[in-house]
Amino acid sequence: MKPAAVVLATVLLAPVSLAAQTTVDQKRPAAPDGAVSIENMAGSVKVTGWDKAEVQVRGTVGEGGELSFEGSGRRTHIEIEADHNPMGIKSDLEVFVPAGSSVDIEGFQATISVTGVLGSVTAETVNGSITQAGAAKHVELQSVNGDVEVSKATGRIKAETVNGSVVVRDASGDLEASTVHGKLHVIGGSYDRAEIESVAGTVRFEAALTSRASLSIETVSAPVELLLPATVSAEFQVSSFSGRINNELGPAAEKRGKWTPQTELGFTTGSGGARITLETLSGAIDIRKRP
Amino acid sequence: MTCHELDLLLDDWVDGALTGAKARELELHLAGCAPCRDRERQLRQLLAHAAALPRSMAPPRDLWPGIAERIERGSAWSAFLASWQPVALAAAAALVIGLAAFLWNGSGPAAVRTLAMPSASPQLRAVTNTGIADPVLAAAARDYEQAAGALLEALQRRRAVLPAEDLARVEANLEVIDRALEEVRQALVKDPASPELNRMLVATHRKKVDVLRRVVRLSTAL
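From first to last, the protein sequence lines are chains A and B. Under the numbering used here, the first residue of the first sequence carries the number 1, and numbering increases by one thereafter. Under the numbering used here, the first residue of the second sequence carries the number 292, and numbering increases by one thereafter.
Simulated from the structure, these hints should not be mistaken for laboratory data. As the structure is a prediction and not an experimental result, all values here were calculated from the model. Incorrect hints may have been included.
Short, incomplete list of chain B residues facing chain A, as computed with Cβ under 10 Å [claimed, not checked]:
#1 G323
#2 L443
#3 L472
#4 V475
#5 K481
Stretches of chain B that chain A covers, calculated by requiring three or more beta carbons in the stretch to come under 8 Å of a beta carbon on chain A [stated by the list, open to error]:
#6 457–466
#7 493–503
Using N, Cα and C, we set each Cβ at its ideal position, and we do this for glycine too.
Next up, chain B with everything else stripped away, as it sits in the complex (with noise of 0.2 Å):
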């Protein structure tokens, strides 16, 4: 077998779906050949993060148009974030980042742009083992933490025109969603490469940060 040869077969075999003869031929070119294994584990690592993807890969919809419009009414920040189209989910991690930076801050449309952390904040320089192994997904866990951490920050500031009933219940539904966060660790550590398991991670961080976002989003009408 050729290496233009396996190049044909190659997703099939990554498939599983390569049986028989063909199957041996292949696996025996493999171990001769270190550019066609390569190119193998290429496409088994390519495959296995678009698998553990979240099934919605764009970030929480309502919250970019409600903030810069509560914020600055029209501002280009507005024109920014509507032209915005989400990419990626770790691109969609750092914007959240960008913008609890923001809140975290106080500062003006131009720092939100940036996606400046704020550097004083130890609580987001940590950055916390996500239990993920996938190097893409364990990035895009530890943004949606980050941004968690500073929108929490945000809310804190917010304590004076909070009720404190209010916060409580926010407190507790996040206490649930953590605990939820600390079971799919758990199951991670068994079964690390289950792309189901990393899915629910990052899905369940991305709860958390939405919950976050919109009681921080709608507090700043008060």
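For reference, chain A alone in the conformation it holds in the complex (with noise of 0.2 Å):
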């Protein structure tokens, strides 16, 4: 097709495509701390916590979509219904909940954002990134093709994608982070529990660690950066079949097999207490004093 015609088709098709979609604007009351739920297959939802007890829609529905609005205070549910293939109807939604609410979203083609909202979140997308950011109390997300940032999260949180980054920043509380393919970074906040797994994904530590607190990763080739204060009480267990090992808060790491080249590491810091296992099969661990 010439340029021109590219042109004029986009001029003649961009109306009809706008007048096909459905704008939406609606309103229910809901209690402060109820329960919404959210389903939008296809393009994006934003969920923002607010001080009122009403729950808010706002955006566009695509054609061949029909919003769903119903609930009864404790319970909300929100979802776009579609006839035939919901991958095909691209819709937007905005929505307010009460900041004390608990959300839970689902979507396929869809990016997910929630921002201040204070009891739990979850949401899960096939194909695009979720973000979340505010002291939720309990935060698990889930993307298979997308990134993953969690902010400021407290309590248990579950960050996990497949093809993307996972990034953790000033959260606090019990942390899982997994992904296949894409950086894992948990940076600032201070944790109990954190266990770490990614297969090829690079992945850095820099957080800290509670008394007791149990730290756990776990890579197959990709390679781990752990940076601790100089001053953390910890025993350490530290091995990698193949990959080197650089620790600066204690002894040099040793070669384990004499037939493999496995090497490991354990050792202990100030006087104990929180425990921290690092493995890797090919990827190099590097454990280093914090700035």
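Using the hints, put the two chains back together into the complex; each one sits in its own frame.
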């Protein structure tokens, strides 16, 4: 197609496309600590906690889709319903919920963001990023192809993706994080327990541990970088089958097997207390002092 | 040294914490006492199993309630899943297979409870060499491989509703995991008794199943 024809087609088709979408703006009363569930298979969902005792939904619903918005105060459900092929209906929703709500969001080809929700936040999508910000007390975010980011959550946190990065910032409590192919960074905050797994994505842990914390990091081929204060009190168990181990906090690693390249390292800093286990197959392990 | 005295020291012996004269006495006793040698072997096996188990014995936690709700909201199947407590890795893998079999067959919840494997699938009948010396872990790895095979078939059946680019991305990531599995298997050839490697192999299998089940579960919403 010639450039002029492309421009013409764009001009002609654009209004049709816009006209096919439906604009929505609806409100319902809701309990300040109720449950809000949202299903939107394609497009985006942006949730914001506010100080009103109501849920508001606004945005656009794609052609062929219909907004279902129902609830009875303690339980609100929002869904884009479709007669056929929900993947073809792209809807962009902005949802305001009482800050104390618990929110559950499900998408497929959808990007999801949640800000200022203090209850629990669970969100899942296949193709799209998920971000959460605010002191939610329980966070569970899972994507397959997309980045996952958690910020300032407390309590139990689970952040997983397959192809994408996982970044957890300034959070605290109990963390489970994993990725297959993408960086996994835990920056700031303090943890009682952290369990981190990666297949091929670089892991960096630069956060504090409580006095009896447990931290385990396991990768197959990815490098691990652990940055802790020089004053940390912990027992370390570190091993790598064929990766290099570099340690600034204690002794050097020793080769374990006579016939294999496996190296390992066990040492205690301070009076112990926290337990740290690092294992890789071929990824390098760097234990460094946090500046 | 009597058999009873040896029993009291056996834990320390197996842990390598017994030294000096006591260790020599115990070694002499073992050399001449078959029942004590059996007890020592059993204890070593038990410890090896325990050391090699994955850190998290719980199966993927988000699969069952979500799938159950999707397939049959509020059914007895949901109650069954809700009441189920994970007790062993192999049991977790078996349940995954049950679910995969259900998805593969496209049959009702009753079929899930039987945990029946679909007999017609050559992919599922194939028992691969897991590369794991420990028989318990080898069985768990085989179960995970079979579960992955069944879930892959379930995914194939949803090709019509899944966007091609999403499927391609999932397949690309499965290849990353398969390469990692191969890397761990190669390491196991060099050090078959390594508990870390055994655990890593099973954990990587679990990751593959976890990825597949998530995509299959979400695709049921379409």
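Against the structure, the hints:
Given the 10 Å rule on beta carbons, the hint for G323/B is violated: about 30 Å separates it from the nearest Cβ of chain A. Given the 10 Å rule on beta carbons, the hint for L443/B is violated: about 15 Å separates it from the nearest Cβ of chain A. Taking 10 Å as the C-beta contact cut-off toward chain A, the hint placing L472/B at the interface holds, the least distance being around 8 Å. For the restraint placing V475/B at the interface with chain A, the shortest Cβ-Cβ distance is roughly 6 Å, inside the 10 Å limit, so the hint holds.
Hint on K481/B holds. Least Cβ distance to chain A is approximately 5 Å, under the 10 Å limit. Counting residues of the segment 457–466 of chain B whose beta-carbon sits less than 8 Å from any beta-carbon of chain A gives 5, enough to reach three: the coverage restraint holds. Interface restraint, the segment 493–503 of chain B with chain A: holds (4 residues with C-beta to C-beta distance below 8 Å; minimum three).
Of the hints listed earlier, those the structure fails to meet are numbers 1, 2, in rising order.
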